[in-house]
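S.K.: Turn these sequences into a full structure, and let the hints steer you where they fit.
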Amino acid sequence: MRQAIGKGAKTVLIDRFAYGNRLRHTDPSLKTAIALAMLILCLVLNVPVANLFALGWMSLLTVSVAHIPARVFGRILLGESAFLVLATVGIVVTVSGTPPPVETLWRVHLGTLWLFGTTAGLFAAVHTVTRAVGATAAMNFLALTTPLVDLVELMRRWHVPDALIDITATVYRATFLLLDNFNQMYTAQQCRLGYVSARRSMHSAALLGGNLFIKTFQKGKRLQLALDARGFDGNLRVLPTQYRPNPALAAWGISGVMAMLGIWWLK
Amino acid sequence: MTPLFEFSNVWFQYDGLSDCALCGLTVAIPRGEKIAVLGRNGAGKSTFFLHCNGLLRPQRGEIRFRDEALSYTRTDLRQMRRQVGIVFQNPDDQLFSASVRQDISFGPLNLGLSLADTARRVRQAAELCGVSHLLDRPTHALSGGEKARVAMAGVLAMEPSVLLADELMSAIDPWARLDIFEIFQALHNRGTTVLLATHDLSVVRYWATHVIVLQKGKIAFSGTPAQLLGNQSVLETTELSKIWWNVEMTMEKRT
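Protein chains in written order, with the working numbering: chain A, 1 to 267; chain B, 1 to 255.
Please keep in mind that the hints were generated in silico from the structure rather than gathered at the bench.
Backbone N, C-alpha and C define an ideal beta-carbon position, used for all residues, glycine too.
Among the clues, some could well be false.
[Claimed, not checked] Away from chain A, derived, C-beta distances all over 12 Å, residues of chain B: (1) M1; (2) V27; (3) R66; (4) R74; (5) S99; (6) L187.
[Claimed, not checked] Chain A is faced by these chain B residues, among others (derived, beta-carbon under 7 Å): (7) L55; (8) Q94; (9) F106; (10) L109.
[What the hints assert, rightly or not] Below 25 Å or equal to it, Euclidean Cα-Cα: the simulated SDA-like pairs (lysine to any residue) are: (11) A:K267 / A:L113; (12) A:K215 / A:M185; (13) A:K219 / B:R40; (14) A:K221 / B:L70; (15) A:K221 / B:N41; (16) A:K221 / B:D76.
M.R.: In structure tokens form, the structure reads like this:
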């Protein structure tokens, strides 16, 4: 339960910085292009040094250019890295019922099982981790500097089907309503000792889940009425946003891409 | 002058409920007035408003708007909603868009206005409601009072000639209420008819020019504030005397 609240807090935190950073009014297509270019290069080139460069470059852009506090950027990246570390354990550690081949980096014999690691496994893990961290840093740059409103706007410019855009925008808004509802109900339960023991916690969490669904459904119905009252005809039409050009950021982006390609070519 | 709305013996019952929400409601709503709609919770105020906007359709009876029977075809409803705006009790039920500017622009764009005209209407409505500085903010990052004013701007951007505000004041602080009343006054000065559902009797005394009291889905009173407050028997039958005494006491203490 606490984890769920933590996730909600992180969503709000990311959103707050997305609206309050130095690149807020920069055209989202430029920010998306830089983030996607770095992401694709990390995935395609698969050079650990280049991946680490991408991590450093995107961190620099996020912290120095967009003025997102390094602590926030680091905290978010650290949270994501925890998942990554768990995923790479399977690559580094091999479990086998038979004795491992002669050349292993390390080996442990546990009853009938053998745990061991190979050089190839270690290299694969390094590649995977650096690639994922570089790509994640690129996406974090986008998430922390670009509010979803701008990404929705970008989708509209790229002629993504209206239905998909409307669903994205509505889910985004509903996420915050859901979090509000969740926090209110959770606090109300906590005030009445709803989470005083493991047994009570299970019971309260089940009640919260059920009621949250009902409340959200009712809210959806009221939202529909409000939309109808303002002439809703199936399309959520809204004004497009005006953005400022940012040649400096474009130069940063191009330099980063060139540097990545340079590292790959040198290798 | 013909009334703005005329409800004649209107009945409505929600699915799954045994009692009717509107039980033979008959009333005429005058034009260009500041109208307070009073009644206890469940008296039928919200249902009455939803009928005024064509969001609910009477199961029996007839509603006339500007001397014409309401038609529920898509074109006629669109035409009517252009003229009758409704602001809901909880602004969170109304704000759907991620940013304030986009939310306010939703109504005018649905009216078929151009982007330039919509942008102008958004600016004007935001200025009237005092939310110009919030236009680029996300809707979820607003305070309760700001949300109420943005919700109102979203409706006023459609430039309705009738504004229905459904217990808008119940969730906001007294300072935000004063702001809202200033907006209502500005609208009234332009000739907009404003209907406000409320539990606050001081609204009747100091703001309204016409009062409607609903009780169990029927009209218990319709007239001027002076007629209501000077009529002890109506105050007794509508149970308003209980709260009216409190309002008087508070006002006396202040003076």
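S.K.: Indicate, hint by hint, whether the structure satisfies it.
M.R.: Okay, the hints, checked on the actual structure:
| no. | hint | verdict |
| --- | --- | --- |
| 1 | M1 | holds (26 Å) |
| 2 | V27 | holds (21 Å) |
| 3 | R66 | holds (18 Å) |
| 4 | R74 | violated (8 Å) |
| 5 | S99 | violated (5 Å) |
| 6 | L187 | holds (17 Å) |
| 7 | L55 | holds (6 Å) |
| 8 | Q94 | holds (4 Å) |
| 9 | F106 | holds (6 Å) |
| 10 | L109 | holds (4 Å) |
| 11 | A:K267 / A:L113 | violated (39 Å) |
| 12 | A:K215 / A:M185 | holds (10 Å) |
| 13 | A:K219 / B:R40 | holds (23 Å) |
| 14 | A:K221 / B:L70 | holds (24 Å) |
| 15 | A:K221 / B:N41 | holds (20 Å) |
| 16 | A:K221 / B:D76 | holds (23 Å) |
Hints 4, 5, 11 from the list above are not met by this structure, while the remaining hints are.
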